[in-house]
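Trainee: Residue numbers (the working numbering), protein chains in the order written: chain D, 1248 to 1707; chain B, 1248 to 1707.
A hint or two may mislead.
[As the list claims (entries may be wrong)] Some chain B residues well away from chain D (every beta-carbon gap over 10 angstroms; in silico): (1) S1267; (2) L1304; (3) P1380; (4) T1424; (5) A1515; (6) N1638; (7) I1653.
[What the hints assert, rightly or not] These stretches of chain D come out as covered by chain B in the derived footprint (C-beta under 8 angstroms, 3 or more residues): (8) 1348-1354; (9) 1464-1474; (10) 1515-1527; (11) 1618-1625.
Just so you know, the hints here were simulated from the structure itself, not pulled from any lab data.
Predicted model, so just to flag it, every value in this text is computed and none were measured.
From the three backbone atoms N, C-alpha and C, an ideal C-beta is built for every residue, glycine too.
Number of protein chains: 2
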Amino acid sequence: MSYEKESFEALIERMRQYLSEKKYVQARETLVDLEPVDIAYIMETLPEDTIPVVFRLLPKELAAEVFVELDSDSQENLIKGFSKSELKEVVDELYLDDVVDIIEEMPANVVKRIIASADADTRRDINNILQYPESSTGSIMTTEYIDLKTNMTVEDALKKIRRVGQDMETINVMYITDPARHLLGYVTIRDLLLADENDTMEEIMDDSIISASTMDDQEETARKFSKYDFLTMPVVDKEHRLVGIVTVDDALDVLVDETTEDIEKMAAITPTEDSYLNTGIIATVKSRIPWLLLLMVSATFTGQIIASFEDALAAYTVLTAYIPMLMDTGGNCGSQASVTVIRGISLDEIKLKDLTAVIWKEIRVAVIVGVILAVCNFAKLMLVDKLLFHNPITFTVALVICLTLIITVLAAKLVGCSLPIFAKAMGFDPAVMASPFITTIVDAISLLIYFQFAKMILHI
Amino acid sequence: MSYEKESFEALIERMRQYLSEKKYVQARETLVDLEPVDIAYIMETLPEDTIPVVFRLLPKELAAEVFVELDSDSQENLIKGFSKSELKEVVDELYLDDVVDIIEEMPANVVKRIIASADADTRRDINNILQYPESSTGSIMTTEYIDLKTNMTVEDALKKIRRVGQDMETINVMYITDPARHLLGYVTIRDLLLADENDTMEEIMDDSIISASTMDDQEETARKFSKYDFLTMPVVDKEHRLVGIVTVDDALDVLVDETTEDIEKMAAITPTEDSYLNTGIIATVKSRIPWLLLLMVSATFTGQIIASFEDALAAYTVLTAYIPMLMDTGGNCGSQASVTVIRGISLDEIKLKDLTAVIWKEIRVAVIVGVILAVCNFAKLMLVDKLLFHNPITFTVALVICLTLIITVLAAKLVGCSLPIFAKAMGFDPAVMASPFITTIVDAISLLIYFQFAKMILHI
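Chain D on its own, in the form it takes in the complex (with noise of 0.2 angstroms):
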């Protein structure tokens, strides 16, 4: 069956009717023709519950593959009701990075059920991905890919793959290996069915191999993926020795993950793991409150550059009127350059060696668009703010607005590209050095200038 959106309201809604009047094949038949996320997703709107009645109506490989859908609250609930053959049997089926992804969010009392049930092997192998640190490749990994020999002549390797290719989680890419388990090569499902069966994998391998290292950072794993076009990448130990593979779905997670967090750090959020909606207020009062207290306190600084110059401002008083469209153009034109920076630095378009050729190229954006802004503003100050609005606005104010204009834009952009790649330099995460930490340091640069120029113009 293929199915439509306009029509999910309404399967969920004949679901209900389905269960509360104890119809169960017929539920059983709607649920099996839908995708695993889907089947997840209706289960989670049903009464709590039903839940376990729903999850038992499904057919055992299915069934797993819902439940590594679903999310932690509902998998920990299943799983406290689950009977040990039942466990077993759920974790039996999942794909071992999913046990682990799934170990990793639960509480210790259901992760030492969850590994009990679990046969010799798997828990060997669930223990070795565990070790590895969070945002690191390895715990991504699967250990669950088919290894081939040198001598294996492609009638072999195809037999291994009908032998052991149920239990895999790709048959898509076949990784060989020498006897100590050093990766020599690969070979695609695709090479094996257009080669001779007595071709050995030593002359079909590509033996030009990219490979991932446990240790290195998920995210620039999975910035390989997008780069070379892969479906599976191996990863190796310090000995170069093959101890998993990652495939390209659990690789565009991460990237969404970690898009997401860049896209949060930009706008002074501390990350949370869970979507918007599942994080609890207190949660989020939490991932927002540094930033804001961080940035309040340091308002303080442009709050003394304006006391500090409150003669100049009793003298003229026309220009406090105008410190909010200063601040803010900078503070614009401060985050347009860092967030393009930032971006560019995360998806390695921008490199540190790159810096002079960035602030020269922000340089002269920074000429061209600080004095078009400038030329407008000196005629919307000339003919609205003065002619319609009756504001006292003189040549010489207009002149000191209008050039505070151009050096603010310039300090803007110097800052807002030159701090993010400064941060990256430093070991930070230039992610933090955006709209919200560069918009507090231009407001005071901003200010100085404008002061400075009133002085000097307007001889206060």
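Guided by the hints, dock chain B onto chain D, whose structure is given.
Mentor: Same frame as chain D, now just chain B:
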């Protein structure tokens, strides 16, 4: 050969050496072991006139793969230097969707040459794909997939794969169609290898298919890849006939590009096609100036609000010093809320129906955040600003500032969380409702609140 990042610069140096000494055999041997994207990178760092030389050193198939990875300027230069037969060779080797991608970047005369060099079938397919709008799923699909019939046996299917598999972009998933090309189901290569030779496609195919339509937005299709963990996805026309497939590597590229676009829009930048360093000065200025101008002009409101409260500010000059802090904190609170909601919408975690849940959540967060900030700020005002800096802060002035802070945070969070959802509801891109836009609105609101409290509490 497996190669390490550390030696990459050394490798480029070595290539330079080989080429200047005309050691072409060594140059070729070095290159053939590398990944296409890395060879392209090396070629682009070499002197421009050596690019055709290096290109002609590469074996035909690898040369085509490298060609795809070159930037469009280098591609154009190469094509201009190609003989007719050379161009035909490259076009024949390329996957169809890559040819289309290249055509979309080339000037008309180059496009004409490319299309003229393709055979009749390819030409028809190219023109078919070119007709789809730029951001549609049709424009990123390829027509090089394997389709099977229901009555084919596994043996037939494997024979067909062996026959045509070489020219297909993937053989990991095959699609089953009826004589009128309606999509009926799919089988994976694993299904075929694990099934009995005499099973028919009808017996082993999975008929629960999630497909995209040619006119679907490409971002929507790409998101389905990450939701359902697909490697390929079938694309159908309005009559549900199979017309192409999208592969996960192209979906990944779309996700990365669309995310960059979202981030740029959030920073008030009109998205550009090229990477930062490849975008010219004028193009960069054009992408940044529209929003800056709009936001600068809209700051007239904040200016006018301040101008109209000139008397109040003259009476209590200390109030001016806290305008930047109030505006920045409001802006930061607003962007925290808006950026979180925008990302949630783009990941499909937040839907229109969640509006009230989002608002209710933000109200509670805002009250807690606002009170914490106000209390901290009150302490700072009385202890640091008053005692240390001797600012003329009184209890009532501090009260005005802190009450304004609470209401500003509340207003900022409400505006920040709801505007993106309203934008989505009205069919606009939520990303443009990010920080800079929200900041401008929140600035005006916070100033109005500030002066109202000042009037009420300080009796100005």
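Trainee: A separate judgement is required for each hint: does it hold in the structure or not?
Mentor: For each hint, the structure was consulted:
Every C-beta of chain D lies more than 10 angstroms from that of S1267(B), the closest at about 23 angstroms, which supports listing it as non-interface. In this structure L1304(B) is separated from chain D by more than 10 angstroms, as the shortest Cβ-Cβ distance comes to about 16 angstroms. The non-interface label for P1380(B) is consistent with chain D: the shortest C-beta to C-beta separation is roughly 21 angstroms, beyond 10 angstroms. No Cβ of chain D approaches the Cβ of T1424(B) within 10 angstroms, the least distance being about 13 angstroms, so the stated non-interface status holds.
Against chain D, the non-interface label of A1515(B) is violated: not every CB pair exceeds 10 angstroms, the least being about 6 angstroms. Non-interface call for N1638(B) relative to chain D: violated, since the shortest CB-CB distance, roughly 6 angstroms, does not exceed 10 angstroms. In this structure I1653(B) is separated from chain D by more than 10 angstroms, as the shortest Cβ-Cβ distance comes to about 13 angstroms. Coverage of the region 1348-1354 of chain D by chain B is violated. Counting CB-CB distances below 8 angstroms, 0 residues qualify, and the rule asks for three or more.
Counting residues of the region 1464-1474 of chain D whose CB falls under 8 angstroms from any CB of chain B gives 3; the rule of at least 3 is met. Judged by the Cβ-Cβ criterion of 8 angstroms, the region 1515-1527 of chain D is covered by chain B as claimed, because 5 of its residues qualify and three suffice. For the region 1618-1625 of chain D, the assignment as covered by chain B holds, since 4 residues bring a beta-carbon within under 8 angstroms of that chain's beta-carbons and 3 suffice.
The earlier numbered hints that this structure contradicts are 5, 6 and 8.
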